[in-house]
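Given the coordinates of chain A, assemble chain D onto it according to the supplied hints.
Protein chains: 2
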Amino acid sequence: MTIGSSSREEMLEIGRKARVAARKIALANPSLKQKALKAIAMHIRADAAHILAVNAEDLEAAKQKGLASSFIDRLALDEKRLEAVAVAVEDIAALPDPIGRITATFDRPNGLVIDRVMTPLGVIGVIFESRPNVTADAGALCLKAGNAAILRAGSDSFGTSAAIAAAMGKGLEEVGLPKEVIQLVPTKDRAAVGDMLSGLDGNIDVIIPRGGKSLVERVQKEARVPVFAHLEGLCHIFVHEQADLEMAKGIVLNAKLRRTGICGAVETLLVDRKVVSTHLPALVKLLLDNGCEVRGDAETQAVDARIIAATEEDWRTEYLDAIVSVKVVDGLEAAIAHIEGYGSHHTDAIITDDVTVANQFFAEVDSAIVLHNASTQFADGGEFGFGAEIGIATGRMHARGPVGVEQLTSFKYRVRGNGQTRP
Amino acid sequence: MTIGSSSREEMLEIGRKARVAARKIALANPSLKQKALKAIAMHIRADAAHILAVNAEDLEAAKQKGLASSFIDRLALDEKRLEAVAVAVEDIAALPDPIGRITATFDRPNGLVIDRVMTPLGVIGVIFESRPNVTADAGALCLKAGNAAILRAGSDSFGTSAAIAAAMGKGLEEVGLPKEVIQLVPTKDRAAVGDMLSGLDGNIDVIIPRGGKSLVERVQKEARVPVFAHLEGLCHIFVHEQADLEMAKGIVLNAKLRRTGICGAVETLLVDRKVVSTHLPALVKLLLDNGCEVRGDAETQAVDARIIAATEEDWRTEYLDAIVSVKVVDGLEAAIAHIEGYGSHHTDAIITDDVTVANQFFAEVDSAIVLHNASTQFADGGEFGFGAEIGIATGRMHARGPVGVEQLTSFKYRVRGNGQTRP
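Chains as they are written, first to last, in full-length UniProt numbering: chain A, 1 to 423; chain D, 1 to 423.
Pulled out of the complex, with its shape left as it was, chain A reads as follows:
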């Protein structure tokens, strides 16, 4: 692997190799894929000293460039973190294998038996920012579902990602699979991203961006192949008039402050006007007392002097920080209208003791994930029982919500007959 600039022709060659490798891994049986993942974890451990040394160089360069401490923290590996990377690969190895699973059977009156079976998607392009663990996570998830992966690492984690990818290649070859099942784009050149977004002459089937809004925005705008992604998680909680206050307090606090930087963190709290006097003061006080900035409409501001006036812009803002916007609304319909008007169709929740109201919320809020009486921070493939996720999608096509191993598949129809011809 040469590090440096890659011409478009070199990128196309990566695409062709991925397609050939995709065919091999698509036909690999479950136990071979498991063996490959275990061998990958083993080689990541075996190469730990080298990976950490390269990571130290990446870190030093990042510090020289004056990159933010949060950025440097995401980039940094140590023995413990690297062990977690290896364990995550083993966890993926242990997941059920989706390939070949029959998801529907149609017995036709003419005796034909039609099975719909899960198949791999093909070649998956993953474009991510400087989080080296994504190299292993994304590659392992793609492989588990029988796909080849083309990984494009953030330039500041390039050395670390390359060291991890090299270890993964050794694991693949050890079990007799081509190392091209998981390829890292061998360049920091930004043009390579454009090449990937063009689909490499039909040799990338789907692109998954993992990173901030500007990356996702560029990918969604330029990609000529399908994209699994969400641009933002502008999540809402609606506290209905029939909400249990204690439950609402627990959920709101968790949904906002457990981790503020994840896509499932709540950004806007909608409170039913009928409980402005009973619920609103307790909820905003709880948030304020726990260090959260509150930006409210006029009615909310009246509750506590610490509340800042919300602007129109606030209803459209994914803070990803200890800030929340709060609005008083006239019941369910108004809450749904706000969510549909300002939301990002990612994850939205209602708190109410009235199941009929919850069902209407479920039907009318057009988001990938809708919750009743639970925290929005459950928007996560692990929490859904998918084992691991490569991200969350808000598109309406193919994959929606958490994207785990099963979502990285396609399907085909197998038809068994005994000589049937069509009349």
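Wrong hints could be hidden among the right ones.
Said to hold, decoys possible - Pairs of lysine to aspartate or glutamate, EDC-like flavour, derived with a Cα cap of 20 Å:
no.: 1; chain 1: A; residue 1: K221; chain 2: D; residue 2: D321
no.: 2; chain 1: D; residue 1: K24; chain 2: A; residue 2: E340
no.: 3; chain 1: D; residue 1: K249; chain 2: D; residue 2: D354
no.: 4; chain 1: D; residue 1: K17; chain 2: A; residue 2: E340
no.: 5; chain 1: D; residue 1: K213; chain 2: D; residue 2: E83
no.: 6; chain 1: A; residue 1: K249; chain 2: A; residue 2: D353
no.: 7; chain 1: D; residue 1: K213; chain 2: D; residue 2: E318
no.: 8; chain 1: D; residue 1: K35; chain 2: D; residue 2: D97
no.: 9; chain 1: D; residue 1: K35; chain 2: D; residue 2: E90
no.: 10; chain 1: A; residue 1: K213; chain 2: A; residue 2: D321
no.: 11; chain 1: A; residue 1: K24; chain 2: D; residue 2: E333
no.: 12; chain 1: D; residue 1: K274; chain 2: D; residue 2: E293
no.: 13; chain 1: A; residue 1: K221; chain 2: D; residue 2: D354
no.: 14; chain 1: D; residue 1: K17; chain 2: A; residue 2: E222
no.: 15; chain 1: D; residue 1: K170; chain 2: D; residue 2: D297
no.: 16; chain 1: D; residue 1: K221; chain 2: D; residue 2: D201
no.: 17; chain 1: D; residue 1: K24; chain 2: A; residue 2: E364
no.: 18; chain 1: D; residue 1: K274; chain 2: D; residue 2: E222
no.: 19; chain 1: A; residue 1: K24; chain 2: D; residue 2: E364
no.: 20; chain 1: A; residue 1: K17; chain 2: D; residue 2: D354
no.: 21; chain 1: A; residue 1: K17; chain 2: D; residue 2: E364
no.: 22; chain 1: A; residue 1: K17; chain 2: A; residue 2: D201
no.: 23; chain 1: D; residue 1: K221; chain 2: A; residue 2: D201
no.: 24; chain 1: D; residue 1: K221; chain 2: A; residue 2: D321
no.: 25; chain 1: D; residue 1: K24; chain 2: A; residue 2: D321
I should point out that these hints are in silico values taken from the structure, not numbers from a laboratory.
Given the structure is predicted, the values throughout are model-derived calculations rather than measurements.
Using the frame of chain A, we list chain D on its own:
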């Protein structure tokens, strides 16, 4: 509805109206959608005289233009054909309603219950050539799955399509639904197609082209939104050494000659070298005697003087006519290699008495539909039990194989809790 040129702004307005209507139809309950479809069928019947009069004008204009008789036949309606159009809409009304169906449930250890439920896709753009029945079929299928439709009719059937669309609008309004659930693009201007392919500012979620290869090619090349389509159906039958000859004869004859113009018609016959002396002569003689032109490789040509030499181009050609290419191959692996190299991933069949061989064919042939001991002409939504189809897709994303009501859906996750917060 004004007939004439539509500016881009007018097309964008159609998109906005479709989005509003999509929300209404998404929330319509199954019985309302059934009522709407029955009312649509009734209004098509009530407007029959008008629709047929307009169709006569379209036909006259087509004849004046000197269009081919096969084209004019597809364009022509009479009372019987129009009644079939109305009945097809009623058949779609009677199909099971997919919306709200739960396709998976995850009971989580923390007590959360997660349902994955089927939802409408949104707004579907259908671009079709001059077959006026598609107006009713496509509109009805989209509606049944809770979607709004934007239909773009071929210019030579424009008057007929507009008359049918007007009847459909009356049916929608009669049951209290907006007529914009099914909109016909009110122009013959080709620029409108480009506008649709751009996605109308996010107000078209998927495009379905119904027509010949040049239309599909343009749509796949230019569309900025997902496309459900197949470019061609270059279908194969592999006659394995363990094939029952009588079964092979029945299937091959049906797959090639039942109807030669449909995408599931077989175009290339692959015959195992081990049965060149026993099976090949009988199969090619049967085809020749039934009026089929046979283009064969050297070994096939040796069988019968009527066989023309096949060129490299023949293996890549979807004849859609009474022509077949025939090649002798060295067993299963060579057959699969030929299909993967030359096929279109639409529909491919194997004839064999060996189930293990059939299973290998099923695993390794990467087509939307793979068949064992049955005719490729079963590649059809009706034959699959889907009731009706809007087409067949060969893409790997979302919809693959026959696209019926259930394939015109998306999904969301509904999460029910009782106060859960994430640790």
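*Against the structure, test the hints numbered earlier, and report the numbers of the ones violated in rising order.*
Result: hints 1, 5, 12, 13, 14, 15, 18, 20, 24 and 25 break, sorted rising.
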